[in-house]
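K.L.:
Chain by chain, the residues:
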Amino acid sequence: MSLPLQLTKSGQLKHFLSIDGLDQALLTEILDTAESFAGMSEHQVKKVPLLRGKTIVNLFFENSTRTRTTFELAATRLSADVLNINIATSATSKGESLLDTIRNLEAMHVDMFVVRHAISGAAHFIAQHTAPHISVINAGDGQHAHPTQAMLDMFTIRQHKKQFAGLKVAIVGDILHSRVARSQIRALNALGVAEVRVIAPKTLLPAYVESMGVIPLHDMHEGLRDVDVIIMLRLQKERMNSAFLPSEGEFFRCYGLTEAKLKLAKPDAIVMHPGPINRGVEIASSVADGPQSVILQQVSNGIAVRMAIMTMTMGSHGASV
Amino acid sequence: MSLPLQLTKSGQLKHFLSIDGLDQALLTEILDTAESFAGMSEHQVKKVPLLRGKTIVNLFFENSTRTRTTFELAATRLSADVLNINIATSATSKGESLLDTIRNLEAMHVDMFVVRHAISGAAHFIAQHTAPHISVINAGDGQHAHPTQAMLDMFTIRQHKKQFAGLKVAIVGDILHSRVARSQIRALNALGVAEVRVIAPKTLLPAYVESMGVIPLHDMHEGLRDVDVIIMLRLQKERMNSAFLPSEGEFFRCYGLTEAKLKLAKPDAIVMHPGPINRGVEIASSVADGPQSVILQQVSNGIAVRMAIMTMTMGSHGASV
Amino acid sequence: MSLPLQLTKSGQLKHFLSIDGLDQALLTEILDTAESFAGMSEHQVKKVPLLRGKTIVNLFFENSTRTRTTFELAATRLSADVLNINIATSATSKGESLLDTIRNLEAMHVDMFVVRHAISGAAHFIAQHTAPHISVINAGDGQHAHPTQAMLDMFTIRQHKKQFAGLKVAIVGDILHSRVARSQIRALNALGVAEVRVIAPKTLLPAYVESMGVIPLHDMHEGLRDVDVIIMLRLQKERMNSAFLPSEGEFFRCYGLTEAKLKLAKPDAIVMHPGPINRGVEIASSVADGPQSVILQQVSNGIAVRMAIMTMTMGSHGASV
Chain A
4 MSLPLQLTKS GQLKHFLSID GLDQALLTEI LDTAESFAGM SEHQVKKVPL
54 LRGKTIVNLF FENSTRTRTT FELAATRLSA DVLNINIATS ATSKGESLLD
104 TIRNLEAMHV DMFVVRHAIS GAAHFIAQHT APHISVINAG DGQHAHPTQA
154 MLDMFTIRQH KKQFAGLKVA IVGDILHSRV ARSQIRALNA LGVAEVRVIA
204 PKTLLPAYVE SMGVIPLHDM HEGLRDVDVI IMLRLQKERM NSAFLPSEGE
254 FFRCYGLTEA KLKLAKPDAI VMHPGPINRG VEIASSVADG PQSVILQQVS
304 NGIAVRMAIM TMTMGSHGAS V
Chain B
4 MSLPLQLTKS GQLKHFLSID GLDQALLTEI LDTAESFAGM SEHQVKKVPL
54 LRGKTIVNLF FENSTRTRTT FELAATRLSA DVLNINIATS ATSKGESLLD
104 TIRNLEAMHV DMFVVRHAIS GAAHFIAQHT APHISVINAG DGQHAHPTQA
154 MLDMFTIRQH KKQFAGLKVA IVGDILHSRV ARSQIRALNA LGVAEVRVIA
204 PKTLLPAYVE SMGVIPLHDM HEGLRDVDVI IMLRLQKERM NSAFLPSEGE
254 FFRCYGLTEA KLKLAKPDAI VMHPGPINRG VEIASSVADG PQSVILQQVS
304 NGIAVRMAIM TMTMGSHGAS V
Chain C
4 MSLPLQLTKS GQLKHFLSID GLDQALLTEI LDTAESFAGM SEHQVKKVPL
54 LRGKTIVNLF FENSTRTRTT FELAATRLSA DVLNINIATS ATSKGESLLD
104 TIRNLEAMHV DMFVVRHAIS GAAHFIAQHT APHISVINAG DGQHAHPTQA
154 MLDMFTIRQH KKQFAGLKVA IVGDILHSRV ARSQIRALNA LGVAEVRVIA
204 PKTLLPAYVE SMGVIPLHDM HEGLRDVDVI IMLRLQKERM NSAFLPSEGE
254 FFRCYGLTEA KLKLAKPDAI VMHPGPINRG VEIASSVADG PQSVILQQVS
304 NGIAVRMAIM TMTMGSHGAS V
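Chains as they are written, first to last, in this note's numbering: chain A, 4 to 324; chain B, 4 to 324; chain C, 4 to 324.
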């Protein structure tokens, strides 16, 4: 489905909408390109002129300072000009259609849309209808996908585990509502890990989740045994009072990651979380801040991975940094 | 009135507040300068260093993401630094007077104010009281003027019609409340078109509108006959429930531009609209997206025209691009 | 207390949190560095590449367009990249702790936090817990300190009076709630003025104010006699209805600066105010706009002083401009 949309005829990345349809070679190319940017942050001057004169529009229909910030920093460090448009509070309040908003920005000769939207498929829709010279990056759409988050997670895993073959990975928490989990599962399988387990109460697992290539489990003690990587998901507090979940305390007791439960995993297992973390809800502070946590490295890697995806979609395939 | 204010003694553009008082030669100079910037958007690097080190303040007392965006892009492509100040939500909430806000920004050595204000005359007031080294551009003041919009419209007309002499232009819709229409009428007459018609119900025409050099008409069939250019105005929906107008459907039936009515104009007539458009209210989608529509070209031209006005008022008269 | 925190072992400025613990030599170094930037505003291109590639985060937990603007301009003129984060409206709304917000931004390899917070000590707290490569600048914390404001005031005083020795300075108004006054008193005493007087009703003076090295007075006629510098504080209107104060008119009559009262000071006394001014509340318009007022020069100097503090804390000690 998305394959013809996000790739050029010669198989290069044109948009970045979803992990679906991207093969191991392309995902590895993204990770390798990100590698070349990862060292840059240590430099005295953290900028390269790869996208100088390009205009990147952060088109946020859903407010997310955190995600916007990482894209803004990535764009700035590539010397692009950034235009932040918070649609929630502005433009379309005059009743303009999404397509007319896009057409107008295109006419201003912008080069890229970074799209965040509460509705699944919004970034795809924009990519389908935008001008050929514009690239679209999905910065999270509804419960569908958050592919740049998944790629920074893959980068972090590779950084610590060197290769994906043979790895056992557990994803824990609200799989049902998580666009992050959906993208991670696709990426992990495409990159060839041995096993992806999803651990959650039945109410927080999608129906037919096995069809995504995962092993569903309801018990942490069973699920964490001998894994190399543990990915904790953020518990959306707004779901807490719903029928999905009993209480924060109850959830933490069953599915929170504590030092005791962490011992079930391999001794060199790494602990990941997309942030922002709820301390004492899905993860104990001692684990989040502990020696096996790579949560802040994920944040750092997020800049490099987004720089890679931006340059690749814009046709500048990671020129020498 | 505004002539001595917006021109230097030698007749060069110092502020850009209104079309009033600007003669054909100066308006033509703006269009010619914009021409030199219009090609730039195709370049790999869309920036020129003409205003490097200059600080341009977007001083918006009225929220308008759309207009702010075009000025921000124009300034960025001239390599200026842009400071966005949304007064509605900030600064003067501490009760500071407009003049004190201006004095403070002047003291920070900024170089230009781009002013949007709900009150007619606000940009003039600021230009009258600001320091001599600062230029003021009117980005829309009350129901008075929106001169950069008018100039991008003139640019678009010239692009398609080559010259203004002999042209018949119809402006359709809510003339009474439109700062855009007021500025367009001045510009069209200064540039020497043959005829400007304004088409609207009586309740949406200003009294003594003929004194502005236009022919008022109440019927589209009469008004559109043989025109070269049709400019549709946006219908402010907030006026809909007032005494001015019957209903959306009724308005569209009488004054909306359809393919059938468009046939009354010359076969090569162009259709313009300042945006954002209300599809099915003042214009049919098939016309807005049709072959005679130049609506998106207007948006593109808006960047070039604003770059021209910024460099001219700052004394850099369109150096080689 | 703050001495070991804001200085390196070799005594150089690492953070800028408070005037406390900074000696005359260091304060003078700040003023001298600012001097080298003060001339820049006159240049055609108002930028130097001293902080190119650095990322400066305006971390505002309290909204202040005015203060944010001065830091943004200072950073931009040093060629740094600026990230504005308004925490009030965003990020921590998801319930993330302050420390987690800081850790995340650190992980994005930012270089400086400019912190504004309603709670006294917030900037210190962040400086205590942030990564070693990051500098923190206090842009106002609760009723504690506003040290960059104090330094721009010192710069303005030196500009007019050449030296601090022998000067008599009066600070007038709501001393009790003013972080500005607290920082000014420290700076004036560290720089060796002859006398600092604080003039206010008893309800607006802190207990034991004498221990700060000032002479408390309740009467303007006594307090202004023969002073070289008068610093008026802004009256926070929100305190007006409290028990602290009678009425605006009453306050102006007793503690407002009029031309008549100004005559009590030395003939060449200068009048200062941190802004925004309440005309007719703490200061008469004729005085604010009069020949002895240096209020707008304070604003101009604010940019240069903040550029100096930014470059000094970042280890670029005022390289040639």
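Just to be clear, a hint being listed does not mean it is correct.
Heads up, the list lumps identical chains together, so a pair's fine if it works in one copy or across two of them.
Unchecked claim - With a straight-line cut-off of 25 Å between C-alpha atoms, the simulated DMTMM-like cross-links for lysine to aspartate or glutamate are:
| id | residue 1 | residue 2 |
| --- | --- | --- |
| 1 | K264 | E99 |
| 2 | K264 | E198 |
| 3 | K240 | D229 |
| 4 | K205 | E65 |
| 5 | K164 | D23 |
| 6 | K240 | E99 |
| 7 | K50 | D114 |
The set of hints was computed from the structure by calculation and includes no laboratory data.
K.L.:
With reference to the structure, classify each hint as holding or not holding.
P.N.:
Cross-check of the supplied hints:
no.	hint	result
1	K264 to E99	between (52 Å within a copy, 24 Å between copies)
2	K264 to E198	within (19 Å within a copy, 65 Å between copies)
3	K240 to D229	neither (30 Å within a copy, 63 Å between copies)
4	K205 to E65	neither (29 Å within a copy, 43 Å between copies)
5	K164 to D23	within (23 Å within a copy, 49 Å between copies)
6	K240 to E99	between (33 Å within a copy, 12 Å between copies)
7	K50 to D114	both (19 Å within a copy, 13 Å between copies)
When the structure is compared with the earlier hints, violations turn up for hints 3 and 4 and for no others.
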